[in-house]
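Engineer: Residues per chain are reported as follows:
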Amino acid sequence: KNQVEQSPQSLIILEGKNCTLQCNYTVSPFSNLRWYKQDTGRGPVSLTIMTFSENTKSNGRYTATLDADTKQSSLHITASQLSDSASYICVVKGSGTYKYIFGTGTRLKVLA
Amino acid sequence: SQTIHQWPATLVQPVGSPLSLECTVEGTSNPNLYWYRQAAGRGLQLLFYSVGIGQISSEVPQNLSASRPQDRQFILSSKKLLLSDSGFYLCAWRGNEGTEAFFGQGTRLTVV
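Those protein sequences? They're chains A and B, same order as listed. For the first sequence, the positions run 1 to 112 when my numbering is used. For the second sequence, the positions run 113 to 224 when my numbering is used.
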């Protein structure tokens, strides 16, 4: 069964600290993986997207990694800001399908 | 540039009333269109997707239906709402050659 699991479910950190969010998936065959940021009550906004051949992708203070062999991805946030408080969703698209498999997200809270 | 519009942003409806949520995309043609529902604390659940006018695929049996009367218009409907239909509904689009899904701002539906 195609699944995407994220950990931790929630995370609280102090402003300025770094954090890493995890995503494990069983989707096969694999096409691409993306990380979205979703502010409360808003639609998700894409942060990064990686295909099979990409190991890392950065977007400002956000750096995503992908290990297609172990089917794991991580999102590292550097020097967190209050505006980073949001849910971060890992999404995997299988090859040859229109469907996206969503993780349940990690809710991040950055405190001053 | 491409944009996606989804409305209304919030909606409170009584049980048994009809529903119509509209989503339109601008700046692209023949997009793949999606309706998702996000329950509190849970991941996005795919409800419907469409690859063209009049072509609707349903992912889960439910009280909702979808229609695509025009290339860039996707409508989510119900004849009689249930309490369990409450949730956050998201419309998304993807270009035929693209890998990324772009989301609307969402509709918060509360059935009372």
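In short, the hints are calculated from the structure, not lab data. Keep in mind it's a predicted model, so treat the numbers as computed, not measured. Check each hint, because a few of them may be wrong.
According to the in silico footprint, chain B covers these stretches of chain A (three or more CB under 8 Å from chain B) [stated by the list, open to error]: (1) 39 to 50; (2) 97 to 106.
Facing chain A, according to a computed beta carbon distance under 7 Å, are these residues of chain B, among others [to be verified]: (3) Ser141; (4) Asn144; (5) Arg154; (6) Gly155; (7) Leu156; (8) Tyr161; (9) Gly199; (10) Leu202; (11) Glu212; (12) Phe215; (13) Gly218.
Backbone N, C-alpha and C fix where the C-beta goes; we use that ideal spot for every residue, glycine too.
Engineer: Of the hints given before, which are not true for this structure?
Structural biologist: 3, 9
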